[in-house]
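Engineer: Residue numbers (our numbering), protein chains in the order written: chain A, 1 to 416; chain B, 1001 to 1416.
Treat the hints as calculated values from the structure; they're not laboratory data.
Just so it is clear, CB atoms sit at the ideal spot from N, CA and C, and this is done for glycine as well.
Just to be clear, a hint being listed does not mean it is correct.
Unchecked claim - According to the in silico footprint, chain B covers these stretches of chain A (three or more CB under 8 Å from chain B):
| id | segment |
| --- | --- |
| 1 | 170–177 |
| 2 | 290–303 |
What the hints assert, rightly or not - Under the rule of at most 20 Å between Cα atoms (straight-line distance), these lysine to aspartate or glutamate pairs were calculated in the EDC-like manner:
| id | chain 1 | residue 1 | chain 2 | residue 2 |
| --- | --- | --- | --- | --- |
| 3 | A | 197 | B | 1250 |
| 4 | A | 225 | A | 297 |
| 5 | A | 197 | B | 1074 |
| 6 | B | 1116 | B | 1144 |
| 7 | A | 215 | B | 1291 |
| 8 | B | 1176 | B | 1191 |
| 9 | B | 1116 | A | 196 |
| 10 | B | 1225 | B | 1245 |
| 11 | A | 225 | B | 1109 |
| 12 | A | 225 | A | 255 |
| 13 | A | 50 | B | 1250 |
| 14 | B | 1125 | B | 1144 |
| 15 | B | 1102 | A | 196 |
| 16 | B | 1313 | A | 297 |
| 17 | B | 1102 | A | 217 |
| 18 | B | 1225 | A | 54 |
| 19 | A | 225 | B | 1074 |
| 20 | B | 1225 | A | 240 |
| 21 | B | 1102 | A | 363 |
| 22 | B | 1215 | A | 385 |
| 23 | A | 313 | B | 1297 |
| 24 | A | 215 | B | 1016 |
| 25 | B | 1102 | A | 385 |
| 26 | B | 1215 | A | 16 |
| 27 | B | 1125 | B | 1163 |
| 28 | B | 1050 | A | 54 |
Said to hold, decoys possible - A short list of chain B residues far from chain A (calculated; beta carbon distances all over 10 Å):
| id | residue |
| --- | --- |
| 29 | 1162 |
| 30 | 1319 |
| 31 | 1322 |
Protein chains: 2
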Amino acid sequence: MSAEIICVGTEMLLGDILNSNAQYLAQQLAQLGIPHYYQTVVGDNPERLKQVIEIAASRVQILIFTGGLGPTPDDLTCEAIANFFGAPLVEDPEVIEDIAQKFAQRGREMSPSNRKQALIPQGAKVLPNPTGTAPGIIWQPRPELTIFTFPGVPSEMYRMWEETAVPFLKSQGWGKEIIYSRSLRFWGIGESVLAEKVSAYLNLLNPTVAPYAGKGEVRLRVSAKATSAAAAEELIAPIEKQLIDIAGLDYYGADDETLASVVGKLLRASGETLSVAESCTGGGLGQMLTEISGSSDYFWGGVISYDNSVKVKLLGVNPEDLDKFGAVSATVAEQMAIGVKTRLGTTWGLSITGIAGPTGGTDTKPVGLVYVGLAGPGDEVTSFEYRFGTIRGRSLTRHVSANAALDNLRRRLLTR
Amino acid sequence: MSAEIICVGTEMLLGDILNSNAQYLAQQLAQLGIPHYYQTVVGDNPERLKQVIEIAASRVQILIFTGGLGPTPDDLTCEAIANFFGAPLVEDPEVIEDIAQKFAQRGREMSPSNRKQALIPQGAKVLPNPTGTAPGIIWQPRPELTIFTFPGVPSEMYRMWEETAVPFLKSQGWGKEIIYSRSLRFWGIGESVLAEKVSAYLNLLNPTVAPYAGKGEVRLRVSAKATSAAAAEELIAPIEKQLIDIAGLDYYGADDETLASVVGKLLRASGETLSVAESCTGGGLGQMLTEISGSSDYFWGGVISYDNSVKVKLLGVNPEDLDKFGAVSATVAEQMAIGVKTRLGTTWGLSITGIAGPTGGTDTKPVGLVYVGLAGPGDEVTSFEYRFGTIRGRSLTRHVSANAALDNLRRRLLTR
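Chain A with its partners taken away, still in its complex shape:
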């Protein structure tokens, strides 16, 4: 038995909105252990809607619709479903009453078009909408086929899903076997290299292991099917441990952990503090670090030294070195890191200077050249050179630069 998510609305075909409902429902189905292999988007068109219902009803047993339940003539979902299964639409008096009350609450009168929202296929149960006027339905038009409809407004759909659909699905026996996933995150290794290192694991059946890449990092998703989250974790834990052992320092965290949160955890554990000096990232490194609530325990702040005068004034970079080596150099990166560490009185100082592009590159200093400086306890200072090239573009080069800086600090904190 498996489900299909069908999102109805011309606004998705025009690209006006992002289909976040499909993502929400996908996560929810995974948590309940309901297999789900297809998602379909179709416009507000009765003929094409009918075709989509026909295909879905032939390949899955649970159809979940969102959208097309509104009061306007182009809201067709319920009508199309009723037509396809040959059921008449009947007006539900409780729904009429509910809609009228909601309008009264807002000091408005119910318009005639809202009566349409109370038309339900004969035999279907109303799926109440506590926060809006469009109810959904739960309907078994034939044995082994269950249909849910939800409005397209995400907040309304979420509450209806949680309050009515989930209890119903659990009463049908779902939620006993769930799919539980862990996403292991890696920095400093390419997708293909990591996939080869862990190739023996990519054919496992439970848990499964699958790699994917994006924004400069690689992830391995480890997914287990089990009767409880605890049982799934038990299946995942030994595999996770082996994968982490194979990857060594290239593994940095799992799920919602970021390089910034991992560095924060390490600093908190050692009771140390950090400050940053940013040129080409312009504040992005500080932004990442402070995205974490409570980061003020170890992150004290820093200097955005975008203009060279700020590097001299606030960080004490030597103007002669700026002239001699240029702002994008190992020397200046190190002086920036020492400068911010000393002035703010933190344990560590982390700096970034580079050419994010698309302009500003030269033959000797091309776009994508980035230096990270790291100053630590005592006189410790090092720098790291990156040549990210031009292919990532300005925004991603800055993102990758900030993460590369954090990764260097992470490796340093782990290997002392």
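Add chain B to chain A, keeping to what the hints say.
Structural biologist: Chain B only, in chain A's frame:
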């Protein structure tokens, strides 16, 4: 003739990622005037992928795939397409060469699994990927059917679409009647208030006007159907002008313009400079300003004064005022703005101090309380208080705070 978007990847079925590729492609198809009635998401499974290809090839003439082109064994898109149409896969030597070069640039060696990415169905044209290793294809496996494949990584897909797919589709006669849109952007006004102000425009047929809200701002999309971008612009221009006149200062820019880019344009025009002092945004304001290439002309840098000691040391905030009024106060916001302006020697100084949450709030200073300070020429200094509440969450509260700061500077620059 119409198109179907097919996104391949188990990560979408698990709800791990939002399907932003479908939205991008939907917008692009609308711009080219290519009708598009279906979107399908399917996992990395050869049997189900085959079924999806079969259904799509029977109902549309243009199939656009994203995802499943990577080097790992679960990347199956190209193979499934070739199998379905009975074409052998052949290794493309130019693609091999291109992948090897890209690895060399990054100082890495190409792994054997990357060779898989060079396997192309016989007869297909390579759709080059300038920023990644996975090329796509353009293929007519039979008359009246064209297939495109793109990698799932959005930034790679965008460039390939723009640089190769669009010119190809135009050469096939598409893009003659286009839908052309302008997105007008507003800050400081709610969606329903703006919609009421411009209600007379919401029923227009060509161009159409539709409101959207998100991330603290409201947009009006003005879309025209015409035979050329120029003709569409002619339809849009008078309506755009009227909408902007109605909105007054709440309108700030269109399309890709951001509050940061608009402020930058104003500063560049007046030959003035800006520095920032950030507490709760931790660098996010500087990050926004420097996202724009060339921002070094007017943005000199700033101080991330996350810890109070940094506010005193690097910005000269009075420690007694910090004690008396607290770090989140109008007084401290103003002193931060003056401090950074004076120390960096810029025309303007912009500061933010607030409680982004979820913790750190008190009865008198709740989560969401944010002060923006603005120091300008001479002794000019003002501050602005915001109460964003808790509903947006930490990340969005920070985003909205940084934009609110920019908006104040924008209004100041426009009204002197």
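Engineer: Hints first: check each against the structure and report whether it holds.
Structural biologist: Going down the list of hints, with the structure as the test:
{"no.": "1", "hint": "170–177", "in the structure": "violated (count 0)"}
{"no.": "2", "hint": "290–303", "in the structure": "holds (count 11)"}
{"no.": "3", "hint": "A:197 to B:1250", "in the structure": "violated, 55 Å"}
{"no.": "4", "hint": "A:225 to A:297", "in the structure": "violated, 39 Å"}
{"no.": "5", "hint": "A:197 to B:1074", "in the structure": "holds, 16 Å"}
{"no.": "6", "hint": "B:1116 to B:1144", "in the structure": "violated, 28 Å"}
{"no.": "7", "hint": "A:215 to B:1291", "in the structure": "holds, 16 Å"}
{"no.": "8", "hint": "B:1176 to B:1191", "in the structure": "violated, 34 Å"}
{"no.": "9", "hint": "B:1116 to A:196", "in the structure": "holds, 13 Å"}
{"no.": "10", "hint": "B:1225 to B:1245", "in the structure": "violated, 23 Å"}
{"no.": "11", "hint": "A:225 to B:1109", "in the structure": "violated, 36 Å"}
{"no.": "12", "hint": "A:225 to A:255", "in the structure": "holds, 18 Å"}
{"no.": "13", "hint": "A:50 to B:1250", "in the structure": "violated, 44 Å"}
{"no.": "14", "hint": "B:1125 to B:1144", "in the structure": "holds, 16 Å"}
{"no.": "15", "hint": "B:1102 to A:196", "in the structure": "holds, 19 Å"}
{"no.": "16", "hint": "B:1313 to A:297", "in the structure": "holds, 18 Å"}
{"no.": "17", "hint": "B:1102 to A:217", "in the structure": "holds, 17 Å"}
{"no.": "18", "hint": "B:1225 to A:54", "in the structure": "violated, 33 Å"}
{"no.": "19", "hint": "A:225 to B:1074", "in the structure": "holds, 19 Å"}
{"no.": "20", "hint": "B:1225 to A:240", "in the structure": "violated, 53 Å"}
{"no.": "21", "hint": "B:1102 to A:363", "in the structure": "holds, 19 Å"}
{"no.": "22", "hint": "B:1215 to A:385", "in the structure": "violated, 36 Å"}
{"no.": "23", "hint": "A:313 to B:1297", "in the structure": "holds, 18 Å"}
{"no.": "24", "hint": "A:215 to B:1016", "in the structure": "holds, 15 Å"}
{"no.": "25", "hint": "B:1102 to A:385", "in the structure": "holds, 18 Å"}
{"no.": "26", "hint": "B:1215 to A:16", "in the structure": "holds, 15 Å"}
{"no.": "27", "hint": "B:1125 to B:1163", "in the structure": "holds, 14 Å"}
{"no.": "28", "hint": "B:1050 to A:54", "in the structure": "holds, 18 Å"}
{"no.": "29", "hint": "1162", "in the structure": "holds, 13 Å"}
{"no.": "30", "hint": "1319", "in the structure": "holds, 15 Å"}
{"no.": "31", "hint": "1322", "in the structure": "holds, 14 Å"}
The structure fails to meet hints 1, 3, 4, 6, 8, 10, 11, 13, 18, 20 and 22 from the earlier list, while all remaining hints are met.
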